[in-house]
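Using the working numbering, the first residue of the sequence shown is number 1, and each one after it goes up by one.
Derived by calculation from the structure, the hints in this document are not laboratory data.
Mixed in with the good hints there might be a few duds.
As the list claims (entries may be wrong) - So the derived label-pair ranges between C-beta atoms look like this: (1) D128 x R64: 28 to 34 Å; (2) D154 x S275: 23 to 29 Å; (3) A279 x G88: 50 to 56 Å.
A virtual CB, placed ideally from N, CA and C, is assigned to each residue, including glycine.
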Amino acid sequence: MEKASVTGETGKRSYVVGQAEIAARPLEPALYLVATPIGNLADITLRALETLAAADIVACEDTRVSRVLLDRYGIRRRTTAYHEHNAGEAGPKLIAALQAGQSVALISDAGTPLVSDPGYRLVGEALDHGIRVVPIPGPSAPLAALTASGLPSDAFMFAGFLPVKSGQRLTRLEALKAVPATLIFFESPRRLADSLVAMVEALGGQRKAAIGRELTKTFEEMRTGTLQALADHYAAADTPKGEIVVCVGPAEAKADEPEDIDRLLLSLAAEMPASKAAAEAAKMTGGQKQALYRRLLELKDASGEGGG
Numbered sequence: 001m002e003k004a005s006v007t008g009e010t011g012k013r014s015y016v017v018g019q020a021e022i023a024a025r026p027l028e029p030a031l032y033l034v035a036t037p038i039g040n041l042a043d044i045t046l047r048a049l050e051t052l053a054a055a056d057i058v059a060c061e062d063t064r065v066s067r068v069l070l071d072r073y074g075i076r077r078r079t080t081a082y083h084e085h086n087a088g089e090a091g092p093k094l095i096a097a098l099q100a101g102q103s104v105a106l107i108s109d110a111g112t113p114l115v116s117d118p119g120y121r122l123v124g125e126a127l128d129h130g131i132r133v134v135p136i137p138g139p140s141a142p143l144a145a146l147t148a149s150g151l152p153s154d155a156f157m158f159a160g161f162l163p164v165k166s167g168q169r170l171t172r173l174e175a176l177k178a179v180p181a182t183l184i185f186f187e188s189p190r191r192l193a194d195s196l197v198a199m200v201e202a203l204g205g206q207r208k209a210a211i212g213r214e215l216t217k218t219f220e221e222m223r224t225g226t227l228q229a230l231a232d233h234y235a236a237a238d239t240p241k242g243e244i245v246v247c248v249g250p251a252e253a254k255a256d257e258p259e260d261i262d263r264l265l266l267s268l269a270a271e272m273p274a275s276k277a278a279a280e281a282a283k284m285t286g287g288q289k290q291a292l293y294r295r296l297l298e299l300k301d302a303s304g305e306g307g308g
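Put together the whole structure using the sequences plus the hints.
So this is what it looks like as structure tokens:
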């Protein structure tokens, strides 16, 4: 771990990378949303380091957790707690500081702020007051798990934590069943086995899924399989340790019934030319554009509309 001398609040603002101490350029007054590592402290970006070093105030989910990161890179800034339990009190103070021309960097314990934390309230208040909001992108546990899962990533939905109570959990999963995208959840180690059983019941045991545990850390693990296989594994295994992300692939697409395709074609044709309607239908169903175009002309002829 790098060691470096740091300056106080009244000194120059800097951060340390390796043995190099780098001066941070001044920040314009704004609310900066700074993504921080989800485990491996080396995943911080240079822009994030400079922002944290230059900010007048660093608002943290837990100041003790954030101090580990700040100390690693020789950053000494004033920190204040901003979390679910004090947002009502701390939020207005941060807004007041921003209105007074100060810069505020908002960070969570790990990953990108606003993902399963109350930061969105602060952003909403800042925007309501005409305060500039600047994202400083970086690590994200949902995206790290998704990219390593082998599941479709063209469309995905982050669904956060499932409800604790079993009935509410099933209701939530049923509501997500038809979403045509990979579903991403956070889950606690002690509830993982029960949640996987509920997913099998609500979503079906044959859906492909992946469990990401301790991502970017020493004991990182990605376990893949069907929901049923994963549920069986964690039902028999000891309670896992660490931070967990669950990815569940979308349901297998069912072949559209001819009647459904006909209704789709006619609906699209009511809003656009036949050739474009056929092209859109091809994208939506995976069918051949020319075949769909011919079918649309047949439907139009049968209805007496004709034309193309």
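Checked hints:
no.	hint	result
1	D128 x R64: 28 to 34 Å	31 Å, holds
2	D154 x S275: 23 to 29 Å	25 Å, holds
3	A279 x G88: 50 to 56 Å	51 Å, holds
When held up to the earlier numbered hints, the structure conflicts with none and fits them all.
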